[in-house]
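A.B. asks: Work out the full structure: start from the sequences and follow the hints.
Chains as they are written, first to last, in the UniProt record's numbering: chain A, 1 to 513; chain W, 1 to 798.
Careful, some of the hints might be misleading.
Once the Cα atoms are required to be at most 27 angstroms apart in a straight line, the calculated BS3-like pairs of lysine-lysine come out as [said to hold, decoys possible]:
| no. | chain 1 | residue 1 | chain 2 | residue 2 |
| --- | --- | --- | --- | --- |
| 1 | A | Lys423 | W | Lys723 |
| 2 | A | Lys183 | W | Lys79 |
| 3 | A | Lys183 | W | Lys723 |
| 4 | W | Lys79 | A | Lys263 |
| 5 | W | Lys723 | A | Lys90 |
In case anyone wonders, no lab produced these hints; they're calculated from the structure.
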Amino acid sequence: MIRFLLNNTLQAVCNIDPNTTVLNYLRNTLRSTKKRTGTKEGCASGDCGACTVVLVEVKNDQLIYSSINSCLTLLPTLNGKQLIAVEDLKHGDQLHPVQQAMVDHHGSQCGFCTPGIVMSLFAYQKNHNSNLLHENNTLKSHIDKKSTVQPFNPAKALESLAGNLCRCTGYQPIINAAKEISKNQQLDQFDLQQQQTIATLKSIQPGQCDTLSYNTPSTNKKSAVKNAYSPTQLSQLDRLLQQHPKAHLLAGGTDLVLDITQKQISFDTLIYLGEIEELQRINLSENTIEIGATTPLSQCHPVLCDEYPDLGQLLERFASLQIRNQGTLGGNIANASPIGDAPPALIVAGASLQLRHAGAVRSMPLEAFFIDYRKTHLVAGEYIEKIIIPRKPAGSIYQVYKLSKRLDDDISAVCGAFHIQLKNGQVTEASIAFGGMAAIPKRASYCEQALLNQPWNKASIETAMNALDQDFTPLSDFRASAEYRSQAARNLLLKCWIESQPNSLPTRVTDYV
Amino acid sequence: MSNHIKSNHTEAVNNTSQVELERQFKQDLKTGVGKKIPHESATRHVSGEALYVDDHLEYPNQLHLYARLSEQAHATISKIDTAPCYQIPGVSCVITAKDIPGNLDIGAVFPGDPLLADGVVEYLGQPILAVAASSLDIAREAANAAIIEYTPLTAVLDVKQALDNKQFIQDSHQHTRGDASKALNDAAHHLQGELHIGGQEHFYLETQVSSVMPTEDGGMLVHCSTQNPTEIQKLVASVLGLPMNKVIIDIRRMGGGFGGKETQAAGPACMAAVVANITRQPVKMRLPRIDDMLATGKRHPFYIAYDVGFDDTGRIQGIDIQLAGNCGYSPDLSGSIIDRAMFHADNAYYLGNALITGHRCKTNLASNTAFRGFGGPQGMVAIENVMDHIARHLGKDPLDVRKRNFYGKTERNITHYHQTVEDNFLDEITSDLEQSASYSERRKAIILFNQSSQILKKGIALTPVKFGISFTATFLNQAGALIHIYTDGSIHLNHGGTEMGQGLNTKVAQIVAEEFQVDLERIQITAANTDKVPNTSPTAASSGADLNGKAAQAAAHTLKQRLIDFTAEHFDVDVSEVKFNNNLIQAGEQFISFNDLVQLAYFAQVSLSSTGFYKTPKIFYDRDTASGHPFYYFAYGAACSEVVIDTLTGEYKVLRSDILHDVGASLNPAIDIGQVEGGFIQGMGWLTTEELVWNEQGKLTTNSPASYKIPAIADTPLDFRVKLIENRKNPEDTVFHSKAVGEPPFMLGISVWSAIKDAVSSLSDYRIHPQIDAPATPEKVLMGVEALRKQMTAEQSP
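C.D. replies: The structure is reproduced here in structure tokens:
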């Protein structure tokens, strides 16, 4: 059984297929009792945001609000959390301030994307307020500080909404609504019930290893029982993996759930990793940053952004905020996609992985982890425990570039990462890796060799650009042609060099915000 | 509803003093025509209470339908075995072409679209069979279990190849004026070029969906997300072999349409109806996103070839444009769409001696269909490309060349299809925008920036829009409406248009509110429904408010006249002394509320229900002479966009867009601005990131939002300034002298494409016109940059 709050109503769920997405739960499972059709299905693949809902968790006695795609979230993920859907925002007959702002600014036309946009704006409002809320937990001080309204931060508003497609409005009225929300911060029913919600959520915190079991109807010839386990400790996870060697690990689920929604696969055994606190720790030491494998990407951002600003920028263009709130750094690596965004950037930072298998651990440089297209060195029952990233050496040049058709919420055609160290104008270390150029995220060793011990000047760069042709023979697909990939990869090295020189003018289109 | 309306007739007259009523009478109505009223469903949109077809309550015996789509682009079907489908528990029935009781073909105007493939498949994604089951998952699993075997046939996917093969779905058509070939020979300058323009997926957020309930008389009640209820009614009746009076179509709202639900909604509606007919159970069919993208038609990709002659000033002397549209496998609406591309191959320009040819190429793709602009955008992109090409050739600012070619007001004002361009204010609109957007100052600043910026280059373009309003199929220019006034004074309004987000219901309600001089909340618009307003035209061609607004106005007029006649008689005054204002009626010296009057009229046995009808005047087109007056009027607009591109990666960003757009006297400026902004962004998306890619087997590989990229929020220009032209009524007798607004702003997006080319051209000091096909993806931009650099190197070496 799993327990969660559907707005303010406690739901104790058992005998529901753990392969059920939150979207289907709201729209179909609940239908006979209390249907929730406000949340819309636009794509069922996490790319349009129409199904956005908000998950609320308690951390350090604070409520943390995260927008997520309900189409990519499985029911076990809800355990111990509060789920807020669009129907919950209206208070009596009163629209919520974010809803009212959308009406006042003509932010809806056909209205189909609107519930998702409202929910993203709601999470934006909550998080925009969050500094105030976090500073002091009491409502009184919140009210006292209400006058210190934060200025509208367009970048943050756009970031919150990058995963919400609207085909009608052209977005301008939605941006205006976001502006309005920032101007007029008001307490809502969720703020007023904050203490009660925290208390309730604490009272339903997950047990040692909650299980959602489902007996499929006997007429179905497939497996009769489907189980999702939610261990809270690594030792339990290790035991479960030994008992269920074929179990699928569910972390953020932003890729795994596509198998359910797009390929109609139904998993017999799922092990949900999101309740294992040990897998979500971030440790900063003098030499390294250690990130637990199931840390959501959005939580990796602050620490990585401080250390490797370009990696931070990359993370901001990594899918959408909804995905980053769910998707994990470990998942992005274990997925082993040739176009996963994190691996090239982490490889050149010198990252390594700590892998765990039946309680035993081993380490491996990230660049050695990938064998071939979607194949890694993970053996059955083994998983990534943490990612270890060296602190950035002082003065090194670290640049990452993501090229995609659309700047936001798109997948790389090419991702180029460069980490260069110089001494007296000579290249002493060169680490260069690309995504989208081979079957795996791969280092450009010929290119690196061409640069090593050479002066960091245009002539060396031109030689190294040519060396890239030896490193890669990219493919053509709908994202880009082989010609574009090759040309762009060469140009990115040139760009890296130009950007390392003093520049008075912007060098990236993303500099314009 | 206010207490005002509920008030009882017997006490009302005396309750409020005549002085007070007179005071109220003299105030303006707050919610009539021209006011910025929010969308009628806005509060329900944001609360999640607005219901779409898939949100309706389901009956316990509801079936879900899933279609198996062809895996081949062109093949004969050698075997269909549906037995494995029935092995899956929960399956109710499977239908193939042979199970259709009536007409298999659901072609909208011309035949060619079998509801389910009949022996042969003509595109990858064509429905072959459909499975009904207790859930969508089961239906899908069962459909995939069917065994289908194919014998492949040769597939043609490319429009150029179809053109070379002369593989057409209909005959080519030409517009001719003067002697283009002589003019081309005589002209001082001569350029040729070609251009590929990509198609576009509608990407309405709500996929195609229909829910069908069998009725006791053997008919069907169909809730269908469609822009074209009457067409669905006709086709559902036709596939079932029923008269149309047995079929009712009902649509409260769509989650977006954009033309994609004009003909393409028919398939799911008809399949669901066939199964409902067999099972006598309610049936729903909602396409998963990928299936929707594979199975339904899109905007037509075009191949364009041009040959243009011009003088030293850049003025066109003669032009020959070949427009080849990729129609896909069947006619659908392609004839009219290619016609509209031809009608708009001039955009805002007098073409001199012109020969415009439109080809309707047949390929093995989904049948391409209506999409906002309906072929017009492709014709306009072609001529805008010619303008840029001429400017680079002569070393002139493209805006100067554009202005030089604008239609004149009294001369050079006849189109190549021989309609006179009236109410032309291209010069004024352009000059206003040039000023307000500081075009020439920014042009200078950009040149300076580009000289010092190594990687990034900026570009700017100001492009005009002239768009013809009316259906090209003349008979479609008609509409009906139905108004009831109930005895409590509340008003029920229906019209033939459908609400897809464009605010049509809001506008039509405002029109009726204005006519009756009553507040908007008194007026309830319900779902478009074929048994309320029959024989409707599709809500398309930007015509929704023009046609249905006029029809509703006519119905309101009829009722109002009855009320005026009654008032004059009842209060014994002359009809000229009866006036409606702000929820009140003046009868000579007396004032009476609208509700009280309605009650009096009811007791006096006055009919309080009326239909209204409208047809557009003046329009005709003679296909034999390729001439006529196909458009009632033109809508105008102009956009100025500035972009920055990265010459090392091809990435770009729109820094600023200024828009000035003509909607005549706006019915609702808030809604109109919404249409202009949304249209611009959608047009920009078509020409920038929205790339449709088919593989060699004819499979659309960009078949989900993961791979097909419509603009996201950060693609909105950083600085976006949109204005409607004020104080300029439509001189034609349109509804409150407004102008249509649905499609024209879409073509404002061309300014972004042109600005990108301007930025690339800066690398050659604006001497070379970069060949950048649409959509200008980062890849195409980078390849354009590289090609231009190679050309410059080649020119420098002797």
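A.B. asks: With reference to the structure, classify each hint as holding or not holding.
C.D. replies: Hints versus structure:
A hinted pair counts as satisfied when its Cα atoms are at most 27 angstroms apart, and Lys423/A with Lys723/W does not qualify at roughly 56 angstroms. The straight-line distance between the Cα atoms of Lys183/A and Lys79/W is roughly 65 angstroms, outside the 27 angstroms bound, and the hint therefore fails. A hinted pair counts as satisfied when its Cα atoms are at most 27 angstroms apart, and Lys183/A with Lys723/W qualifies at roughly 25 angstroms. Only pairs whose Cα atoms come within 27 angstroms are accepted, and Lys79/W paired with Lys263/A is accepted, the gap being roughly 25 angstroms.
Annotation: proposed proximity of Lys723/W to Lys90/A is violated, straight-line Cα distance about 33 angstroms (limit 27 angstroms).
Going through the hint list in order, the structure does not satisfy hints 1, 2 and 5.
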